[in-house]
Amino acid sequence: MKARRSLARAVPALTLAAAVAGCAAPQGQQPDPRDPWEGFNRGVYKFNDTVDRAVLRPVAELYTFAAPEPARNCVHNMFSNLGDLWSAANSFLQGRGHDFVNTLGRFLFNTTMGVGGCFDVASANGARRIPNDFGVTLGVWGLGQGPYLVLPFLGSSSVRDGVGLGVDFVGDPASMSQVDNVRLRNSLWGLEVVDTRASLLEASKTVDRTALDPYSFVRDAYLQRRAAQVRGSKGQDELPDYSIEDDDDAPPAQPQSKP
Amino acid sequence: MPLFATATATTAAAAPAAPRAALALRRLCAAALAVLAALALAAPAQAAPDPNAAPNDFVAQVADQALDVLKKDPQLRSGDIARVNQVVDQYVLPYVDFERTTRLAAGRYWRQATPQQQQALSQAFRGTLVRTYSGALANVDQGTSIRMLPFRGEVGDDVVVRSQIVPQANAQPVGVDYRMARTEQGWKIYDLNVEGIWLIQNYRNQFSQQINQNGIDGLIQALNQRNQ
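Protein chains in written order, with this note's numbering: chain A, 6 to 264; chain B, 21 to 248.
Looking at chain A on its own, in the form it has when it is part of the complex (with noise of 0.2 Å):
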């Protein structure tokens, strides 16, 4: 899940990509106020849609095919586990002391009796994953989503988040930024886009078989959750109002734009 360090040996991929498919804006569309950066973003999203389908979707299903399931667990397992270190650190940042301890008591159980973490048994005994990451963290401290991002090879993120990535690669210890030895370092990160992938292959079935445009299924989904993480729990009273746009005032054959 952390190929973040990809990101420096990608900018090039990301100019060039850019430069190909960049300009092509939607046709005929306003853009949408929380993604002015549309035609550049949809020619990354299909670079990286391309390089996913030559390369990360075949070695993925290889990957699921060719090692048995509790050995997968286990990596996914062990990934996730230095990942709560991390979004431990985070709920506290924001001021959320119950996903703080809540999230610190997983990973001291789970690296105890779960053995290194091979072995959830937290999430067995009812203690749910809180997953949380830098970029939350700015949001509950006030900063905007800023515009929505799509990064090469990393997919969906924003302005905001993509800083938050930033910290994430120098703070989260399953960016494995901290190991020294390069070439553990290296085989660490191959393994964590693959189990991050593998993890992935039935939810991106599933946009394939239902979404009419997936980009922007996928970026309203990235923009909702993220919303969703802002909020926190107390947010959940929050409801999306949907009757805005049923009034018959709206004029005809204008897109939608959502906050």
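Simulated from the structure, these hints should not be mistaken for laboratory data.
Certain hints may be false.
Straight line, CA to CA, 35 Å or less: simulated DSBU-like cross-link-like pairs of lysine-lysine [claimed, not checked]:
{"id": "1", "chain 1": "B", "residue 1": "K92", "chain 2": "A", "residue 2": "K51"}
{"id": "2", "chain 1": "A", "residue 1": "K239", "chain 2": "A", "residue 2": "K210"}
{"id": "3", "chain 1": "A", "residue 1": "K210", "chain 2": "A", "residue 2": "K51"}
{"id": "4", "chain 1": "B", "residue 1": "K91", "chain 2": "A", "residue 2": "K210"}
For this one, chain A is given, so just place chain B on it according to the hints.
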């Protein structure tokens, strides 16, 4: 209806993606199945869910029956789409207001559609949702379970019921919320939230995009095409 849920998640492109997105997505995916389990089917063996019960009880009844059917029917679990359709017709439709879901997803364009178009659109969208189920259904196993969370707030005419679904034994629980309206026939579910992502909201932009480009008939056609 759960299906939508799945959708949420991820994208092929996002693949190796940012960790948070990735995790969210994964859960969403898992959620889909959960959802479907929850909403999807009601078992004939038990008493039918009571749409006039308290909101939490109603959803719990629907979900329990659904899980029961799912766990017993190998055809469903293997994703037999004809069978899924049949079950949805029989056990899901009574509790879900597809027309409302479609109307809200279409937003202002709904009123510009003729009644025939409205009906065709609801049908087509329903097809999309059912297709999502069929994929998710195959993942239900004996460890799949649902836990209702305490109901918050007052019971008005438009309520949200929250649950956590464990999609498979040993899997991470997924938060799934159901939004429903009180109708003359009792409660009807019309929107679904998986890990913070509302189904209707996630289809609104796609609908308006399609309608802007190809009109309402174009949208219906696009949905039906995907249903082939």
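Hints, verified against the model:
1. K92(B) with K51(A): violated (42 Å)
2. K239(A) with K210(A): It holds: about 32 Å lies between the C-alpha atoms, which stays within 35 Å.
3. K210(A) with K51(A): holds (16 Å)
4. K91(B) with K210(A): holds (23 Å)
Taken one by one, the earlier hints fail for this structure only at number 1.
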